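Using the sequences and the hints, build the whole thing.
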Amino acid sequence: MNSLSSSRAFGLLLRRDLLLAYRRRSEIANPLIFFVLITSLFPLGLGADAVVLRTIGPGVIWVAALLASLLSLDGMFRSDFEDGSLEQFMLSAHPVSILVMAKVFAHWLVTGLPLLAVSPLLGVLLSIPVEGIGMLLLTLLLGTPVLSLIGAVGVALTVGLRQGGVILSLLVLPLYVPVLIFATDAVGTTVAGIPVTAQLYILAAMLVLAVSLAPLATAASLRVSLS
Amino acid sequence: MIHFFHQLSSPRYFYDFAGRLIPWLVVACLLCMIPGLYLGLVEAPPDYQQGDSYRIMFIHVPAAWMSLFIYMVMAVSGAIGLIWRIKLAEVISIASAPIGASFTFLALATGSLWGKPMWGTWWVWDARLTSELLLLFLYLGVMALYNAIEDRRTAARAAAILALVGIVNIPIIHYSVEWWNTLHQGPTVTKLDKPSIHLSMLIPLLLMAVAFKLYYAFLVLMRARCEVLRREKNSRWVKDLAGEAT
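Those protein sequences? They're chains A and B, same order as listed. 214 is the number that the numbering used here gives to position 214 of the first sequence; each next residue is one higher, with no gaps. 424 is the number that the numbering used here gives to position 197 of the second sequence; each next residue is one higher, with no gaps.
Honestly, the hints are just simulated from the structure, not real lab data. Fair warning: this is a prediction, and the values are worked out from it, not measured in the lab. Among the hints, a few may not be true.
[Claimed, not checked] Chain A is nowhere near these chain B residues, computed Cβ spacing over 12 Å in every case:
#1 234
#2 240
#3 281
#4 282
#5 329
#6 351
#7 352
#8 446
#9 456
[Claimed, not checked] Covered stretches of chain B, going by a simulated chain A footprint (3 or more residues, C-beta under 8 Å):
#10 354–366
#11 379–390
Virtual Cβ for every residue (Gly too), placed ideally from N, Cα, C.
If you want it as C-alpha cells, here you go:
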C-alpha cells in the first residue's frame with residue numbers, strides 16, 4: 001500500500017471516477033442537455049434576429065456553460081461523502097490536493113469537455129461567425145477547467161450541508177464572473193476583428209492560478225467540512 | 228507586549244478590554260466625523276466642474292475604502308484563525324462580514340446617487356462598479372456560508388477559507404480604474420506622488436476616512452463581544468456575568 005506513488009494514486013482515482021461516470025451515463029447527459037436547452041431558449045425569448053443573436057451569442061453560451069457547470073458541481077463530492085469514501089481519501093497517505101486534482105480533472109472530462117464538443121453547433125445556431133466560434137472554443141478550453149477548479153472549492157465547503165445547492169451558487173458564481181467577462185470579451189473582440197492576446201493571456205493566467213491554488217483550498221475546505 | 232496579546236486572545240479578557248475601549252473609540256470617531264462632515268459639507272469650496280454634488284464623495288470614497296479594508300481584515304484574521312486556531316481571530320473575522328457588506332452597499336448606493344446627475348445614469352457596467360458589486364456578493368456568500376453551518380467553529384473556518392479564496396478580487400477592484408479605461412474616474416488620493424485634490428477637500432476626506440475606520444473599530448468590537456458571549460455561554464465567567472445582571 002505504501003509503495004503506491006502519488007501519481008499512481010492520481011491515475012487510479014481518475015480512472016475510478018471516469019468509470020463511475022460511465023456507469024451513470026444519464027447523469028452526465030443531463031447538464032449537457034441543460035446547456036443546449038438554456039441556449040436555445042434565448043432565440044425564442046429574444047426573437048430570431050441574426051444581428052442580435054450574433055452580439056449576444058458568446059455571452060449566452062458562456063452563461064449557459066456557467067449554469068451547466070454549476071448544476072453538475074454538486075455531485076463532485078456528494079456520493080463519496082455519503083458512502084464514506086471521502087473520509088478514506090482524507091486518511092490516505094497521499095496529499096489530499098493531488099486526489100482532489102484527480103477528481104476535478106475527472107469532473108472536467110465528464111462535464112466540461114462535452115460542452116466544448118457541442119458549443120460549435122450552438123455557435124452556428126446563434127449565427128456567430130466562424131472565427132468567433134474558433135475563439136469561443138479556445139476560451140471554453142481555457143475557462144471551463146477554471147470553473148471546475150473554483151467550483152470544487154465551493155462544493156467542498158458545502159458538501160456536509162443539507163441544502164448546499166443554493167448556497168453553492170451564492171459562493172461560486174461571484175468567483176466565476178472574471179472568467180465570464182474575459183472569455184466573452186475575447187469572442188466579441190475577435191468577431192470585431194481586433195487581436196485578443198491580452199484576454200487569452202489573462203484567461204491562461206487564471207487557469208494557472210486556479211490549477212496551483214484551488215486544489216489546496218479544496219483540500220483545506222474538505223478537512224473543515226469533514227471535521 | 229506579547230504577554231498583552233496572549234491575554235487579549237482569551238475571550239474573557241477580551242470581553243472586558245473591548246468593553247472599556249468602545250466608549251473611547253466612539254468619542255474619537257465623533258471627534259473626527261463631526262469636523263469632517265462640517266468641513267466637507269459646509270466649508271469646502273464647490274468643485275469647478277461638479278458644483279456641490281461632488282460632496283457625496285466624503286461618504287462615498289471612505290465607504291469604498293472601508294469595503295476593501297474590512298475584506299482584508301476579515302480574510303487576514305480568518306487566516307490567523309485557520310492557522311493558529313485563535314478563537315478570537317475567528318470571531319473578529321466573522322463579526323467584520325456584515326459591517327463590510329454594509330459599507331460596500333453604502334459605497335454602491337452613494338455612487339449610484341452621484342452617478343445619476345453626473346453620468347446621467349444610476350448604473351453602468353463599468354469595471355469598478357461591477358467588481359465592487361462582486362465584493363458585495365462575496366461578503367454575502369461568506370455570511371450565508373457561516374450561517375448555514377451549525378457548529379460555530381467549523382462555520383468560522385469554512386467562511387475563512389471562502390474569504391481567502393475571494394481575496395483574488397481585491398487587487399482587481401483596486402486597480403480596475405487603472406487597468407481599464409472606464410467611466411469611473413481614476414484615483415486622486417491613493418497614489419504615490421502628490422494627491423491631485425485640493426487641500427481643503429483632502430482634509431475633510433481624510434478626517435472622514437479616519438472616522439469611518441474608528442466607526443468600524445467600535446462596531447466590530449461590539450459585535451465581537453456579542454459573538455464571544457454566544458460562544459462562551461456555557462463558561463463560568465459568562466454565567467457569572469449573567470448572574471450579576473439579573
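Hint-by-hint comparison with the structure:
| no. | hint | verdict |
| --- | --- | --- |
| 1 | 234 | holds (28 Å) |
| 2 | 240 | holds (27 Å) |
| 3 | 281 | holds (30 Å) |
| 4 | 282 | holds (32 Å) |
| 5 | 329 | holds (18 Å) |
| 6 | 351 | holds (14 Å) |
| 7 | 352 | violated (10 Å) |
| 8 | 446 | holds (24 Å) |
| 9 | 456 | holds (24 Å) |
| 10 | 354–366 | holds (count 4) |
| 11 | 379–390 | holds (count 5) |
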